[in-house]
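2 protein chains.
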Amino acid sequence: MQFFKVKTVEETFALIQEHIPEIREVETRTLEEALHCILAEPIVAAENVPGFDRSTVDGYAVFAKDTYGSSESMPGFLTVAGEVEMGKEAGAPLSRGEAIYVPTGGMVPPGSDSVLMIEHCEEIGGLLNTYRQVAPGENIIRAGEDIKEGEVLLEAGTKLRPQEIGALASLGISKVNVYRKIKAAYLSTGDEIVPYETESLKVGQVRDINYLTVAGLAKGWGVETIYGGITADDYDIFAAKARELYEQADILILSGGSSVGAKDYTTEVIQSLGEPGVFVHGISIKPGKPTILAVANGKPVIGLPGHPASAMIIFRLFGEKIIKQRQGERHGKKPERLFARSTKNIPSAPGRSDYIRVRLFEKEGEWWADPIIGKSGLITTLVKSDGIVEIQSEKEGILQGELVPVIASK
Amino acid sequence: MQFFKVKTVEETFALIQEHIPEIREVETRTLEEALHCILAEPIVAAENVPGFDRSTVDGYAVFAKDTYGSSESMPGFLTVAGEVEMGKEAGAPLSRGEAIYVPTGGMVPPGSDSVLMIEHCEEIGGLLNTYRQVAPGENIIRAGEDIKEGEVLLEAGTKLRPQEIGALASLGISKVNVYRKIKAAYLSTGDEIVPYETESLKVGQVRDINYLTVAGLAKGWGVETIYGGITADDYDIFAAKARELYEQADILILSGGSSVGAKDYTTEVIQSLGEPGVFVHGISIKPGKPTILAVANGKPVIGLPGHPASAMIIFRLFGEKIIKQRQGERHGKKPERLFARSTKNIPSAPGRSDYIRVRLFEKEGEWWADPIIGKSGLITTLVKSDGIVEIQSEKEGILQGELVPVIASK
Numbered sequence: 000m001q002f003f004k005v006k007t008v009e010e011t012f013a014l015i016q017e018h019i020p021e022i023r024e025v026e027t028r029t030l031e032e033a034l035h036c037i038l039a040e041p042i043v044a045a046e047n048v049p050g051f052d053r054s055t056v057d058g059y060a061v062f063a064k065d066t067y068g069s070s071e072s073m074p075g076f077l078t079v080a081g082e083v084e085m086g087k088e089a090g091a092p093l094s095r096g097e098a099i100y101v102p103t104g105g106m107v108p109p110g111s112d113s114v115l116m117i118e119h120c121e122e123i124g125g126l127l128n129t130y131r132q133v134a135p136g137e138n139i140i141r142a143g144e145d146i147k148e149g150e151v152l153l154e155a156g157t158k159l160r161p162q163e164i165g166a167l168a169s170l171g172i173s174k175v176n177v178y179r180k181i182k183a184a185y186l187s188t189g190d191e192i193v194p195y196e197t198e199s200l201k202v203g204q205v206r207d208i209n210y211l212t213v214a215g216l217a218k219g220w221g222v223e224t225i226y227g228g229i230t231a232d233d234y235d236i237f238a239a240k241a242r243e244l245y246e247q248a249d250i251l252i253l254s255g256g257s258s259v260g261a262k263d264y265t266t267e268v269i270q271s272l273g274e275p276g277v278f279v280h281g282i283s284i285k286p287g288k289p290t291i292l293a294v295a296n297g298k299p300v301i302g303l304p305g306h307p308a309s310a311m312i313i314f315r316l317f318g319e320k321i322i323k324q325r326q327g328e329r330h331g332k333k334p335e336r337l338f339a340r341s342t343k344n345i346p347s348a349p350g351r352s353d354y355i356r357v358r359l360f361e362k363e364g365e366w367w368a369d370p371i372i373g374k375s376g377l378i379t380t381l382v383k384s385d386g387i388v389e390i391q392s393e394k395e396g397i398l399q400g401e402l403v404p405v406i407a408s409k
Numbered sequence: 000m001q002f003f004k005v006k007t008v009e010e011t012f013a014l015i016q017e018h019i020p021e022i023r024e025v026e027t028r029t030l031e032e033a034l035h036c037i038l039a040e041p042i043v044a045a046e047n048v049p050g051f052d053r054s055t056v057d058g059y060a061v062f063a064k065d066t067y068g069s070s071e072s073m074p075g076f077l078t079v080a081g082e083v084e085m086g087k088e089a090g091a092p093l094s095r096g097e098a099i100y101v102p103t104g105g106m107v108p109p110g111s112d113s114v115l116m117i118e119h120c121e122e123i124g125g126l127l128n129t130y131r132q133v134a135p136g137e138n139i140i141r142a143g144e145d146i147k148e149g150e151v152l153l154e155a156g157t158k159l160r161p162q163e164i165g166a167l168a169s170l171g172i173s174k175v176n177v178y179r180k181i182k183a184a185y186l187s188t189g190d191e192i193v194p195y196e197t198e199s200l201k202v203g204q205v206r207d208i209n210y211l212t213v214a215g216l217a218k219g220w221g222v223e224t225i226y227g228g229i230t231a232d233d234y235d236i237f238a239a240k241a242r243e244l245y246e247q248a249d250i251l252i253l254s255g256g257s258s259v260g261a262k263d264y265t266t267e268v269i270q271s272l273g274e275p276g277v278f279v280h281g282i283s284i285k286p287g288k289p290t291i292l293a294v295a296n297g298k299p300v301i302g303l304p305g306h307p308a309s310a311m312i313i314f315r316l317f318g319e320k321i322i323k324q325r326q327g328e329r330h331g332k333k334p335e336r337l338f339a340r341s342t343k344n345i346p347s348a349p350g351r352s353d354y355i356r357v358r359l360f361e362k363e364g365e366w367w368a369d370p371i372i373g374k375s376g377l378i379t380t381l382v383k384s385d386g387i388v389e390i391q392s393e394k395e396g397i398l399q400g401e402l403v404p405v406i407a408s409k
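In the order they appear, the protein sequences are chains Y and S.
The letter at position 276 of the first sequence is residue 275 when you use numbering that gives the first Met the number 0, and the numbering goes up by one with no holes.
The letter at position 341 of the second sequence is residue 340 when you use numbering that gives the first Met the number 0, and the numbering goes up by one with no holes.
Only chain Y is shown next, with the shape it has when bound in the complex (with noise of 0.2 angstroms):
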């Protein structure tokens, strides 16, 4: 087998960005059921969005030119000249010295340029009195002014947040064509290992987490996981159930047991899966290192550390990269991490990346991170953190009060 160096985060997802393919399988959705997929080929508005000039007030539809000077101890004077319906193509063009009422949101006539709020002025007997005047283009959205015709409004690799849903749903589009969602396989090893719900444990034993945490993980980005139960320390059995899953999933994820057996056979059952096989072994990061990452035949295959928070860390920044480049997403939402002061001197070994777990507080207008006390193989230092403090690989540690970058969690 292939010697493997231990890889630096940098690198990890230097390799995930040029080993990982894009899942490029189409299908059309409804508007509702597209929400936070992700659009597989760009949108181009057929037509302007207002479709028409629209009042963004109550008001009178005038020429601003009509209203200069007009003061409250000077008031201007113009003619009623009509009234537009909600909802109703404005009738004849305005000619100057008049003035067509329009509510919020109604059309406002040919000819006028500006919007004249009903708070500044006063209707009596067909005559308006203008208390103001207003400047053209004033209280008027125009037509084509949020949307044009012919503009790209999104690009292919978007991932349609409620307001791309809403901005599809303006151009009267009510499907669009989005990557289909993949699906994630997961496999547990370790003779320690046992299902979750046992209720009575026999010393030595521990219960399946993982799938848990990973599972949860992997459905708050979209991804909907096989659960593949756990599997003997036994290299026939294993391979035979990895196969099984990586058929039926566009990613395989096993979380290693931590017993002998295990460790000897995942990457050998990892590469039994096709080629290229496995590109990382071993992640200079603490925690997470013994993390394996492979491709086979063109599906990613990610075989997490067996500790519960290390597998939480580990997918949480190399699985959720993956994932969203199977899926096709390029353009994802920000921010995907924040800064925030710490409140403690936290060592680091240079040449390795840590992550350490943290609670935020906001002080005077800025978020502080403060580390959680506790072995970095405990579930409850996550349950108990906001976030987790990336201190990366360069660096010999962070200063109290200095910036660090956190991802907050999901």
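Hints were generated in silico from the structure; no laboratory data involved.
Nothing here was measured: the structure is a model prediction, and the numbers come from that model.
Among these hints, one or two may not hold up.
Some residues of chain Y that are not near chain S, with every Cβ distance over 10 angstroms (derived) [unchecked claim]: (1) V5; (2) P20; (3) R28; (4) E118; (5) H119; (6) G124; (7) L126; (8) Y130; (9) Q132; (10) D235; (11) I236; (12) S271; (13) V277; (14) K285; (15) N344.
The calculated lysine to aspartate or glutamate pairs, modelled on DMTMM-like cross-linking and capped at a C-alpha distance of 25 angstroms, are [stated by the list, open to error]: (16) S:K218 with Y:E26; (17) Y:K288 with S:E137; (18) S:K285 with S:D369; (19) Y:K182 with S:E223.
Quick partial rundown of chain S residues pointing at chain Y, CB under 7 angstroms, derived from the structure [claimed, not checked]: (20) M106; (21) D145; (22) E163; (23) L200; (24) V202; (25) T212; (26) L359; (27) G376; (28) I378.
The beta-carbon is built from N, C-alpha and C at its ideal position, and this holds for glycine as well.
Based on these hints, arrange chain S on the given structure of chain Y.
Below, chain S alone, put in the same frame as chain Y:
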């Protein structure tokens, strides 16, 4: 009808806190189904996690004292007295001068107080050469060190993230009592509003996109939405439809048309639903001033402004708060916002809270917020944005370079 004074944002949040009751209806869910639900009761640990002293490395369980003074140049010697198998109970207790092999995650034999990593020793014919000393407690997680029997692991009102689910599973808990999910019903009003699927618009018409943006946000918060369609500007029809939806849901959302009829009727319709009725009628905020908040016999009613961008920002701010409170969420995930430096001076009227759509970018380890140009009614300003900057009501604006709070988009 009562006279309403426009409220500040801060007053509005306080009134929501005071007026919106929790749902308090409980259901039992499996852990997988309980993800992102709100815990209805505190969880007290019925056992220790881990249940036994576990090794965090592959190595030899020892008495720390027996390794003192060991080094590469001056190794110590211990007798190898056996091996612990993964998932099995350790056998006899350790005696002074002995070492017992333990795999990562394996049970540390009674008596031993530390584990020496295999990298730091060498077994030669039943004798262990120790090349390093260990401290008491090193490489061991003690029984109960993660979760202690009798400890309150989670409090009622906690939103269950993947790590909370994992911690519950580690205790062998497979079902939990959570508040039932809540349902929101949505109704649009306004003569100009037509279904968003309408392919070709008549002049003056606009598509109903608020349902999709509001339901999209609600879905992200775990709330199912019932679409009540678009109602005519007729008091009786509007009131009957609102009543019907109010009966079906835990929260009623009305998206006000901007026609005069709809404006007149909305408050009246809301007041007809029950006591005490409207508690906020107009907020000193931009955008979104014409917002109505009410509670009718314990059920919240939200009257959103008709403009799509305003509706979305108002629902993001106050809708989320109302939903969290309604579903009993008291310990949610942090942070709800981040801080960024403004790229520009932004003026604001004191006494009014302004919400400015911004693009976020990272520069020298900080976030910067760049205001998006465009009128407040444009949905594309939200499409282009990564979040909204809050200018609190007491401020007269923000200065270029000032650190400001940003609510990130979801």
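Status of each hint after checking the structure:
1. Every Cβ of chain S is farther than 10 angstroms from the Cβ of V5 of chain Y; the closest lies at roughly 14 angstroms, confirming the non-interface assignment.
2. Chain S leaves P20 of chain Y outside its interface by the beta-carbon criterion, the shortest separation being 27 angstroms against a cut-off of 10 angstroms.
3. The Cβ of R28 of chain Y lies farther than 10 angstroms from every Cβ of chain S, with a closest approach of about 13 angstroms, so its non-interface assignment holds.
4. No beta-carbon of chain S is positioned within 10 angstroms of the beta-carbon of E118 of chain Y; the least distance is around 13 angstroms.
5. Even its closest Cβ contact with chain S, about 17 angstroms, leaves H119 of chain Y beyond 10 angstroms, as expected for a residue assigned away from the interface.
6. Its beta-carbon lying about 21 angstroms from the closest one in chain S, G124 of chain Y satisfies the requirement of being farther than 10 angstroms from that chain.
7. Taking the minimum C-beta to C-beta distance to chain S, about 21 angstroms, the non-interface status of L126 of chain Y holds against the 10 angstroms cut.
8. No Cβ of chain S approaches the Cβ of Y130 of chain Y within 10 angstroms, the least distance being about 20 angstroms, so the stated non-interface status holds.
9. For Q132 of chain Y, the condition that its CB be more than 10 angstroms from all CB atoms of chain S holds, with the nearest at approximately 20 angstroms.
10. Every C-beta of chain S lies more than 10 angstroms from that of D235 of chain Y, the closest at about 19 angstroms, which supports listing it as non-interface.
11. For I236 of chain Y, the condition that its CB be more than 10 angstroms from all CB atoms of chain S holds, with the nearest at approximately 16 angstroms.
12. Once the 10 angstroms rule is applied to beta carbons, S271 of chain Y is consistent with being away from chain S; the minimum gap is 23 angstroms.
13. For V277 of chain Y, the condition that its CB be more than 10 angstroms from all CB atoms of chain S holds, with the nearest at approximately 21 angstroms.
14. At the 10 angstroms boundary, the C-beta of K285 of chain Y stays outside the reach of chain S, the nearest C-beta of that chain being 12 angstroms off.
15. Listed as a non-interface residue, N344 of chain Y keeps its Cβ farther than 10 angstroms from every Cβ of chain S; the least gap is roughly 18 angstroms.
16. Under the criterion of a C-alpha separation no larger than 25 angstroms, the hint pairing K218 of chain S with E26 of chain Y is consistent with the structure, at around 21 angstroms.
17. Restraint check: the Cα-Cα separation between K288 of chain Y and E137 of chain S comes to about 19 angstroms, which is no more than 25 angstroms; the hinted pair holds.
18. The suggested pairing of K285 of chain S with D369 of chain S holds, with an alpha-carbon distance near 18 angstroms, which does not exceed 25 angstroms.
19. Distance check on the hinted pair: K182 of chain Y and E223 of chain S sit about 24 angstroms apart at the alpha-carbon level, within 25 angstroms; holds.
20. At a threshold of 7 angstroms, the smallest CB-CB gap from M106 of chain S to chain Y is about 5 angstroms, leaving the interface hint in force.
21. A hinted interface residue such as D145 of chain S counts as satisfied when its beta carbon comes closer than 7 angstroms to some beta carbon of chain Y; here the least separation is about 4 angstroms, so the hint holds.
22. Annotation: E163 of chain S was flagged as interfacial toward chain Y, and the flag holds, the nearest CB pair being 6 angstroms apart, inside 7 angstroms.
23. For L200 of chain S, the interface hint holds, since its Cβ comes within 7 angstroms of a Cβ in chain Y; the closest pair sits about 5 angstroms apart.
24. Annotation: V202 of chain S was flagged as interfacial toward chain Y, and the flag holds, the nearest CB pair being 4 angstroms apart, inside 7 angstroms.
25. Residue-level restraint check for T212 of chain S holds (minimum Cβ-Cβ distance to chain Y is 4 angstroms; threshold 7 angstroms).
26. The restraint placing L359 of chain S at the interface with chain Y holds, with a minimum CB-CB distance near 5 angstroms, inside the 7 angstroms limit.
27. Interface hint at G376 of chain S: satisfied, since its Cβ lies 6 angstroms from the closest Cβ of chain Y, which is below the 7 angstroms cut-off.
28. Hint status for I378 of chain S: holds, given a least beta-carbon distance of 5 angstroms to chain Y, under 7 angstroms.
Checked against the numbered hints given earlier, the structure satisfies every one of them.
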